[in-house]
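Undergrad: Please model the entire structure based on the sequences and the hints provided.
Number of protein chains: 2
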Amino acid sequence: MNPYIKRIKDASNQLNPEIFAELEEVFVDKKFSKGAYLLRPGQICSSHLLIKEGIARKFYFNGHKEITTEIYFHDDVAVSLDSYIMQKPGDVFIEALTELEVTIIDYGRFHKLTHKYPEVMMLDKMFIEYYAVWFEQRLKEFQTMDASQRYLSLLEKEPKIIRFLPVTIIASFLNVSLETLSRIRSKMTSE
Amino acid sequence: MNPYIKRIKDASNQLNPEIFAELEEVFVDKKFSKGAYLLRPGQICSSHLLIKEGIARKFYFNGHKEITTEIYFHDDVAVSLDSYIMQKPGDVFIEALTELEVTIIDYGRFHKLTHKYPEVMMLDKMFIEYYAVWFEQRLKEFQTMDASQRYLSLLEKEPKIIRFLPVTIIASFLNVSLETLSRIRSKMTSE
DNA sequence: CCGTAAATTTGATGTAGGTCAAATAATCAT
DNA sequence: ATGATTATTTGACCTACATCAAATTTACGG
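Keeping their order, the protein sequence lines are chains A and B. Residue 133 in numbering that gives the first Met the number 0 is what sits at position 134 of the first sequence, and the numbering runs on without skipping anything. Residue 132 in numbering that gives the first Met the number 0 is what sits at position 133 of the second sequence, and the numbering runs on without skipping anything.
Take these hints with a grain of salt, some might be off.
Note that identical chains are pooled: a pair holds if it fits in a single copy or bridges any two copies.
Unchecked claim - Straight-line distance between alpha carbons at most 27 angstroms, and here's what the computed BS3-like set of lysine-lysine pairs gives: (1) 156 - 64; (2) 30 - 115; (3) 186 - 115; (4) 159 - 111; (5) 156 - 111; (6) 51 - 156; (7) 115 - 87; (8) 186 - 51; (9) 139 - 64; (10) 159 - 33; (11) 33 - 5; (12) 156 - 139; (13) 87 - 5; (14) 115 - 159; (15) 51 - 33; (16) 8 - 87.
If you're looking for bench data, these hints aren't it; they were derived computationally from the structure.
TA: If you want it as structure tokens, here you go:
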């Protein structure tokens, strides 16, 4: 498991049961059908979305080109960071790629707990740390790897993505054209 | 001013004077001469480095190629995030590009305060949030802009970088070859 | 099943930006 | 200053990947 995720799990397991119970009150489960948008540009991201079941992605438009920034699976947390932190309208879509079950953690109610219990703020901080390092590593991949290497790295880290998603979305996540991704794939299977 | 920086400044100004005083005790000033390394690969990043005077950068080697990830000026905070958070050896250099004065905020002593005062943890969290969003935006630039656009964007946001630093370093920050950067520049001045 | 639409592959061609090499220009020590 | 060293520019060429277009495969509603 990712060491940052492990760190968060450990910390939440060590939470005093009373706090944990209060925390769970803030959680609201919800289902979305395939293709539904959990967030759209212009909306304020008012919650963390913890994925229980299914796959989702975050993407934005650059002109006519879709850029997929994140793909979420079980236990991942989907959030539009800038919009969430500053509570201002964002510019991304969060989309259900399959039937989806999520736990919604409301911003306002969560923040109250954050101020009531330092442990909860710590947990919140750990999430942000995970995000920051995740982005740093992803940036590094773009700065040091070519398209094939990024594909290989993804294949290794998230084989699920490759198995279940159409090339369009994988290509947009790797920031290459779908034609290029197709060629990378055919070259790899032929070797 | 960057809204995240403003947010941090506002919060630290609202800090109760007693806490502020305790916080200042943790601060230690230090000078470095041009070319000195404040951090090297293999070392654990055990402090935040707040730049008081001068310019610094963070970089790492990818094979023989240097990649500059950040360039720091007055009031910026230099830290190797992954190494700092997990307190494990990192793989980056932090280098003084000029004569440099920094305020060192020691990890251990700062963390004690973080647990003593929720306000301080909040401040710490805000720093991480700033970092996370900074990385997200930088990633976006690589995904949506070509070399000239990245140069223009840097010129606009950080004209100081362009004025005071050699092409080698700017090029490595923009992730282009120095030759390409040189051509971009000559094309721009001729137009 | 079959026809149609969507997804994927394959091919031809263009271009941004890399690499290597040489030419200037700037910096610096004696 | 003057030579030596380092930084920057310029030129020739090459490669990874984009784009456009067509072919093929897959999925899917009737």
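Undergrad: Please go over all the hints and tell whether each is borne out by the structure.
TA: Cross-check of the supplied hints:
When the C-alpha separation of residue 156 and residue 64 is checked against a cutoff of 27 angstroms, the pair qualifies both within a copy, at 25 angstroms, and between copies, at 25 angstroms. For the identical chains of this complex, residue 30 and residue 115 are neighbours neither inside a copy (30 angstroms) nor across copies (40 angstroms), given an alpha-carbon limit of 27 angstroms. Taking the closest pair of Cα atoms, residue 186 and residue 115 never come within 27 angstroms of each other, the shortest separation being 56 angstroms inside a single copy and 57 angstroms across copies. In this assembly of identical chains, the alpha carbons of residue 159 and residue 111 never lie at most 27 angstroms apart, being 36 angstroms within a copy and 41 angstroms across copies at closest.
For the homomeric pair residue 156 and residue 111, neither the shortest alpha-carbon distance inside one copy (36 angstroms) nor that between copies (36 angstroms) is at most 27 angstroms. Taking CA atoms no more than 27 angstroms apart as the test, residue 51 paired with residue 156 passes inside one copy only; the shortest distance there is 20 angstroms, against 40 angstroms between copies. With identical chains, the CA atoms of residue 115 and residue 87 are at most 27 angstroms apart within one copy only, with a shortest distance of 24 angstroms there and 31 angstroms across copies. In this homomeric assembly, residue 186 and residue 51 never come within 27 angstroms of each other (Cα to Cα): the closest approach is 35 angstroms inside a single copy and 52 angstroms across copies.
Proximity of residue 139 to residue 64 under the C-alpha cut-off of 27 angstroms is found in both arrangements, the shortest distances being 22 angstroms within a copy and 13 angstroms between copies. Taking the shortest Cα distances, residue 159 and residue 33 sit within 27 angstroms of each other inside one copy (17 angstroms), while across copies they are farther apart (48 angstroms). In this homomeric assembly, residue 33 and residue 5 never come within 27 angstroms of each other (Cα to Cα): the closest approach is 29 angstroms inside a single copy and 40 angstroms across copies. Taking the shortest Cα distances, residue 156 and residue 139 sit within 27 angstroms of each other both inside one copy (15 angstroms) and across copies (22 angstroms).
Taking the shortest alpha-carbon separations for residue 87 and residue 5, only the inter-copy value of 16 angstroms comes in at or below 27 angstroms, while the best intra-copy value is 31 angstroms. In this assembly of identical chains, the alpha carbons of residue 115 and residue 159 never lie at most 27 angstroms apart, being 39 angstroms within a copy and 43 angstroms across copies at closest. With identical chains, the CA atoms of residue 51 and residue 33 are at most 27 angstroms apart within one copy only, with a shortest distance of 14 angstroms there and 52 angstroms across copies. Taking the shortest alpha-carbon separations for residue 8 and residue 87, only the inter-copy value of 19 angstroms comes in at or below 27 angstroms, while the best intra-copy value is 29 angstroms.
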